[in-house]
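Student: Sequence:
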Amino acid sequence: MNYRLLGRTGLSVSEIGYGMWGMSGWVDSDDSESTESLQRAVDLGCTFFDTAWAYGDGHSEQLLGDLLRANSDKRLITATKVPPKNRAWPSQREHTLDDCFPPSYVCDYILQSLKNLRVDQIDLMQLHTWEDAWLQDDRWIQELHRAKENGDIGHIGISVNRWEPWNGIQAVRSGLVDCVQVIYNIFDQNPIDELFPACEEFNVGIIARVPFDEGTLTGTLSLDSTWPDGDWRNTYFVEENLRSSLAHVEPLRDLVPQQSSMPEMALRFILSHPLVSTTIPGMRKLQHVDANLAASTKGPLDPSLLQSLYAHRWDREPTSWSQ
Numbered sequence: 001m002n003y004r005l006l007g008r009t010g011l012s013v014s015e016i017g018y019g020m021w022g023m024s025g026w027v028d029s030d031d032s033e034s035t036e037s038l039q040r041a042v043d044l045g046c047t048f049f050d051t052a053w054a055y056g057d058g059h060s061e062q063l064l065g066d067l068l069r070a071n072s073d074k075r076l077i078t079a080t081k082v083p084p085k086n087r088a089w090p091s092q093r094e095h096t097l098d099d100c101f102p103p104s105y106v107c108d109y110i111l112q113s114l115k116n117l118r119v120d121q122i123d124l125m126q127l128h129t130w131e132d133a134w135l136q137d138d139r140w141i142q143e144l145h146r147a148k149e150n151g152d153i154g155h156i157g158i159s160v161n162r163w164e165p166w167n168g169i170q171a172v173r174s175g176l177v178d179c180v181q182v183i184y185n186i187f188d189q190n191p192i193d194e195l196f197p198a199c200e201e202f203n204v205g206i207i208a209r210v211p212f213d214e215g216t217l218t219g220t221l222s223l224d225s226t227w228p229d230g231d232w233r234n235t236y237f238v239e240e241n242l243r244s245s246l247a248h249v250e251p252l253r254d255l256v257p258q259q260s261s262m263p264e265m266a267l268r269f270i271l272s273h274p275l276v277s278t279t280i281p282g283m284r285k286l287q288h289v290d291a292n293l294a295a296s297t298k299g300p301l302d303p304s305l306l307q308s309l310y311a312h313r314w315d316r317e318p319t320s321w322s323q
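Those letters in the sequence shown? Residues 1 to 323, by the numbering used here.
Mixed in with the good hints, there may be bad ones.
As the list claims (entries may be wrong) - The list that follows gives simulated cross-link-like pairs (lysine-lysine, BS3-like), each with its CA atoms no further than 27 Å apart: (1) K148 - K85; (2) K74 - K285; (3) K74 - K115; (4) K148 - K74; (5) K285 - K298; (6) K148 - K115; (7) K298 - K74; (8) K115 - K85.
It should be emphasised that the hints constitute simulated quantities derived from the structure, not laboratory data.
Assemble the whole structure, with the sequences as input and the hints as a guide.
Tutor: Shown next, in the form of structure tokens:
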């Protein structure tokens with residue numbers, strides 16, 4: 001495993017982190033399988049774990065807390081998120097700070113997360129949705145600064161809405177946030193236009209989420225793919241999205257290097273950008289942990305392959321199904 005600095009936090013994190021949404025946010029998750037997979041990741045050198053209260057109403061945080069106690073001799077980095085009060089993902093332009101993150105509410109959820117994780121301090125506390133317009137109301141940052149001064153949190157971050165990397169640039173330039181979590185993958189390359197340069201200028205850490213485009217870039221989806229009742233993917237991979245996603249991924253199959261795989265190529269594409277601090281694939285099975293973490297040792301992709309992949313940029317606009 002290779003490690004990178006998480007922006008100006010000074011934290012050294014594994015460049016392949018662990019996204020913990022699937023630990024309890026999906027209907028077919030299994031705690032024993034999750035626990036085994038999390039421990040395998042630690043054993044292979046993963047040190048960055050990204051969860052959220054919204055992932056199972058705190059259950060994912062509790063699983064991470066168990067992992068921390070089982071590995072008390074290791075320095076594992078904890079990142080979690082305050083859910084928006086109105087439970088709306090993504091946020092909308094008309095949502096106010098009071099709709100999503102009123103100060104007393106933020107304080108309450110920091111305390112809940114501390115209890116779930118069973119730690120004295122959360123390394124990185126993020127707001128789970130974001131609107132740059134909220135910069136006009138400084139109550140959110142005052143509350144987070146209070147939590148930082150109290151020692152409850154170490155650093156402050158935001159999670160940017162799907163396909164809206166522009167809606168976070170002002171936050172970066174304000175100097176108020178230490179990290180930005182944003183979708184960046186072979187398809188979603190638009191963060192490199194303005195967000196990444198702003199992060200470089202202000203030394204803000206970049207957490208690249210959704211490395212596999214919610215599964216499209218694993219190369220395993222088909223028109224016949226189905227998910228259990230109640231699984232969020234049934235509302236995301238509506239026919240319009242599924243057909244278009246499959247049409248975009250098909251040309252990539254011929255670009256996968258020999259003795260590699262599409263998931264490995266997708267991860268190495270992300271890690272080929274030097275500004276990315278870490279990427280956080282969701283992993284619920286041991287074979288996925290083994291394969292994904294091994295991508296770190298392979299290094300950046302060949303420049304000629306990178307150039308070919310840049311041509312597969314797919315600029316999308318948020319829709320009713322873009323949670």
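Student: Compare the structure with each hint and give your call.
Tutor: The hints, checked one at a time:
The suggested pairing of K148 with K85 holds, with an alpha-carbon distance near 21 Å, which does not exceed 27 Å. Restraint check for K74 and K285: the C-alpha separation of about 22 Å stays at or below 27 Å, so the hint holds. The hinted pair formed by K74 and K115 meets the criterion: a straight-line CA distance of about 20 Å does not exceed 27 Å. With a C-alpha separation of about 23 Å, the suggested pair K148 and K74 falls inside the 27 Å cut-off, and the hint holds.
A threshold of 27 Å between alpha carbons decides the hint, and for K285 with K298 the separation of about 21 Å falls inside it, so the pair holds. Taking the CA atoms of K148 and K115, the gap is near 16 Å; set against the 27 Å cutoff, the hint holds. A hinted pair counts as satisfied when its Cα atoms are at most 27 Å apart, and K298 with K74 qualifies at roughly 25 Å. This hinted pair checks out: K115 and K85 have alpha carbons roughly 19 Å apart, not beyond 27 Å.
Consistency note: the structure conflicts with none of the earlier hints.
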